[in-house]
Amino acid sequence: MRTPFRKTAGKVALWILTFVLMVIMCVPGLWVVLTAFRPNAEVLAKPPVWIPEDPGLTNFAKIFGFAADQVAIPVPSYFANSLIIALTSTAIALLIGMSGGYAFARYRFRFKNGIFLGLMLSRTVPGIALSLPVFIIWSKLGLIDTKPGLIIVYVALNVPFTIWLIDGFFRQIPKEMSEAAQVDGCTRWQAFWKIEFPLAKSGIASAGIFAFLTSWNEYALASNLTRSTDSKTLPVGLMDFTAQFTIDWAGMSAMAVIIIIPALILTFLVQKHLIAGLTFGGVKG
Amino acid sequence: MQTKRPPFWQREKYTPYLLLLPAILTILFVVLLPLIFSFYTSFTGYRLIRPESLWQWVGLRNYERIFGDDDFWAAFVRTIVFLTIALNLEFLLGLGIALLINKITWGQRTLRTIMMFPMMFSPILVGYQFKFVFNDNIGILNNALESLGLSDGAIPWLVDTYLANFAIIFAEVWMSTSVFAILLLAGLFAMPRDPIEAAKVDGCNAWQVFRHITLPFLMPFVFIAMTIRSLDVARAYDIVDVMTGGGPAGRTELLWTLIARTGYDNARMGQANAMGYISIILSIAFTYYFFTKLIASRRYMGGAD
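Top line first, the protein sequences correspond to chains A and B. Each step along the first sequence adds one to the number in full-length UniProt numbering, with nothing skipped, and position 63 is 63. Each step along the second sequence adds one to the number in full-length UniProt numbering, with nothing skipped, and position 157 is 157.
Honestly, the hints are just simulated from the structure, not real lab data. Incorrect hints may appear among the rest.
To be verified - Where chain B lies over chain A, by a calculated footprint (3+ residues, C-beta under 8 Å): (1) 120-128; (2) 144-156; (3) 264-270.
Said to hold, decoys possible - Derived, one-sided and incomplete: chain A residues facing chain B with beta-carbon distance under 10 Å: (4) Phe19; (5) Cys26; (6) Pro39; (7) Pro52; (8) Pro55; (9) Leu57; (10) Leu132; (11) Trp216; (12) Thr242.
Unchecked claim - No farther apart than 30 Å at their CA atoms in a straight line, the calculated lysine-lysine pairs in the DSSO-like style are these: (13) A:Lys7 x B:Lys200; (14) B:Lys103 x A:Lys11; (15) B:Lys13 x A:Lys175; (16) B:Lys293 x A:Lys112.
The model shown is predicted, which means the values in this text are computed figures rather than measured ones. Positions of the beta carbon are idealized from the N, C-alpha and C atoms, including for glycine.
Here chain A stands alone, though its shape is the one from the complex (with noise of 0.2 Å):
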């Protein structure tokens, strides 16, 4: 028999070990964010210098065009950019995912298996091989280089996902509930707003926030179907580092911190839903 104390410093041990794996896999995104906070002198120091010996914020107001010495890189439209695709197409798949998923959830009707599969296919097609005819199609409609292309674009990307899901959340709400509210007199669609959206409400948000990262990360695509400041988004942005002879390191780090602070927050209001979501049905089907 083991005695207790053997167990309780099994456990301990198991625990730091654990421990010390997790942070080990953290070490190389904990150290881009490091190097976002220190100057580039220093990162590029021989012998390295470990210990940031003069941390600050100095990248990013250099990035942003606060500080007298600027990038020549337009960090801010990249940045608006970004943030104007991603909330639009992500809101159009919403609205779009909410229809559709709650035709799958509420309906029976012809073809609903081919037209669920079309849709979920749909998203095996790799994005740079989709890139290729969108870009010759897009450049007839004079739709490269613009908003709305990419917005298009991530709109299609996002909704077979957005209706997955959201069909799942419509699924776990009675059908009894609304066709209660019919019998009180509401009609269909003042039963879906009264009494499905609001229940439903929590997953669709983290079905929208899945889109949002989608298009915020989104890369094959947008370097291929953008070209300026016009639409041109942070991922993309992120490559005008390395085009000069020398890499900025420390600028660039700044600018990941910029992409993933937003990512960060999301992924962990989403952490339940984000499991939840993803293994329905794992066994009960």
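Position chain B against the provided structure of chain A, taking the given hints into account.
Chain B alone, transformed into the frame defined by chain A:
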């Protein structure tokens, strides 16, 4: 008195189709039509710099040329090997992490949150991050090795063929292991305790319990993770594009970076679209394979389909 028949858009029978219309139109316009168009261009000698070549029908020549091209086959085989190694490593590491965290009772939430850290990084950031870490001159890895006295020169992580491929797989595994870990952890949480207790009473050792009870139960979750991963394997394009750009001399080129180079840099759209189709078929095959595995493992568990 005769009631007027409502117009068709108000009839119950058509409601679901109307509700789905926006979704279908979007996919039609942004995915299906472009794909039909790219299927057509894959039979033409279309080059971006000569628009009239869009009408130049060349039959199967693009496909013949691709299949006779060593660079294409090298990229194709490398993509398959890359995916096989990456997915298996992600599964094993993810399983290990999930089992470890599942054992821990105190402070589990904290560890779980730390575990999700890489999931917050987009592929482009992962690529940049490891371009930085593996940099031969100022990268943290070389600096650390030198400080510890383990190497005396700058190891060319992203220049040497083998090391560069290793670095790319490392980045991919770093990015996606948490997807497996989190899904397998969800599986472990959902697992009933009774069969394990019963097996222990019957004298099974820890390995037997794991092999014959835990693992079969986890399999559906493994295949959910695989299916989800196979939907976005092409995101590796972002990583490779940032880290090495397919270089040195095309030795880290994956199918997806080769497509981009052929289509945009060399302006051979017809040929690039032909490759694009091969990559699409590859993606669908991967997804389909894991999806059928998922259905089969669910049936094995006696669940509904």
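Hints, one by one, checked against the model:
Figure legend: the segment 120-128 of chain A, annotated as covered by chain B; annotation consistent (8 residues with Cβ-Cβ distances under 8 Å, at least 3 required). Chain B is given as covering the segment 144-156 of chain A, and this holds because 4 residues of the stretch bring a CB closer than 8 Å to a CB of that chain, at least three being needed. Coverage of the segment 264-270 of chain A by chain B holds. Counting CB-CB distances below 8 Å, 3 residues qualify, and the rule asks for three or more. Proximity of Phe19 (chain A) to chain B holds as hinted, the smallest CB-CB distance being about 7 Å (cut-off 10 Å).
Satisfaction of the interface hint for Cys26 (chain A) is found here, the shortest Cβ-Cβ separation to chain B being roughly 5 Å, below the 10 Å cut-off. A cut of 10 Å between beta carbons decides the hint on Pro39 (chain A): the least distance to chain B is about 13 Å, and the hint is violated. Residue-level restraint check for Pro52 (chain A) is violated (minimum Cβ-Cβ distance to chain B is 13 Å; threshold 10 Å). At its closest, the beta carbon of Pro55 (chain A) sits 17 Å from a beta carbon of chain B; the interface hint therefore is violated under the 10 Å criterion.
Interface restraint check for Leu57 (chain A): the shortest CB-CB distance to chain B comes to about 20 Å, outside 10 Å, so the restraint is violated. A hinted interface residue such as Leu132 (chain A) counts as satisfied when its beta carbon comes closer than 10 Å to some beta carbon of chain B; here the least separation is about 5 Å, so the hint holds. Annotation: interface hint on Trp216 (chain A) holds; nearest CB of chain B at approximately 8 Å, less than 10 Å. Below 10 Å, beta-carbon pairs count as interface contacts, and Thr242 (chain A) has one with chain B at about 8 Å; its hint therefore holds.
Of the supplied pair hints, the one linking Lys7 (chain A) and Lys200 (chain B) holds, its CA atoms being roughly 19 Å apart against a limit of 30 Å. Restraint check for Lys103 (chain B) and Lys11 (chain A): satisfied, since their Cα atoms lie roughly 9 Å apart, inside the 30 Å limit. Among the hinted pairs, Lys13 (chain B) with Lys175 (chain A) is consistent with the structure: their alpha-carbon atoms are about 18 Å apart, no more than 30 Å. Pair hint Lys293 (chain B) plus Lys112 (chain A) holds up; C-alpha atoms about 23 Å apart against a cutoff of 30 Å.
This entry does not satisfy hints 6, 7, 8, 9, going by the numbered hints stated previously.
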